[in-house]
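For the sequence shown, the numbering used here gives the first residue as 4, with consecutive numbering after it.
No lab work stands behind these hints, which were simulated from the structure alone.
These figures come from a predicted structure and were not determined experimentally.
Virtual Cβ for every residue (Gly too), placed ideally from N, Cα, C.
It is possible that part of the hints are untrue.
With beta-carbon atoms standing in for the labels, derived distance ranges [unchecked claim]:
hint, residue 1, residue 2, range
1, A140, T109, 39 to 45 Å
2, D108, A39, 38 to 44 Å
3, P71, R28, 14 to 20 Å
4, P71, H155, 29 to 35 Å
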Amino acid sequence: MNALRPGVRDALRAATDPIHARLHRLPVLSALAEGALDRAGYAALLRRLLGFHAAVEATLAAGPSLRPWGIDLAARRRAPLIEADLATLGMPVGPVPLVPLPVLDTAPRALGCLYVTEGSTLGGRQLAQALDGLLPAGEAGRRFLLGHGTRHGVLWRECCAALEACGADPLRRAEMLAAAEASFLAFEAWFSPDRT
């Protein structure tokens, strides 16, 4: 990597940092972090998260293969974890509305979106602890927040390697950055307070 040129992850972080900071201030996500959600609020949050992750997983599965970049999308699915958490809460899963996503029709765009979803696993363990007053000890009810469990480190390193390899080309990097920003914006809009 050129010492004067930041890595792709650094560029992605810089491009999306303002949106990411706004997400931390969303009322429902702030309430989760503070351990202030009740069961109904947590279930509503999970259903909204399911609408995002199910849409992302379906869109990425229908798009270009990321295997040339070392990514197995099936190993990264988190929608089933949300469904398991809802079942633990005794809530029906049923069909949920899906978030409208940006076009993810190239590998760089798909990887830009993957950066958003995989990056969200990083703070999940802390958020899972915030549910201690709501849920009994253990994984049940917090599988989504605990993410990939023992595989987390390996999957995150694979994701970072794919981002750097694909984004080494300036045109692909630009596509990746735009898709990451658009994916974060779609998530933010999905959680806006005026959305029902």
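Comparing the hints with the structure gives:
| no. | hint | in the structure |
| --- | --- | --- |
| 1 | A140 x T109: 39 to 45 Å | holds (44 Å) |
| 2 | D108 x A39: 38 to 44 Å | holds (40 Å) |
| 3 | P71 x R28: 14 to 20 Å | violated (38 Å) |
| 4 | P71 x H155: 29 to 35 Å | violated (23 Å) |
Hint compliance for this structure: hints 3 and 4 are broken, all remaining hints hold.
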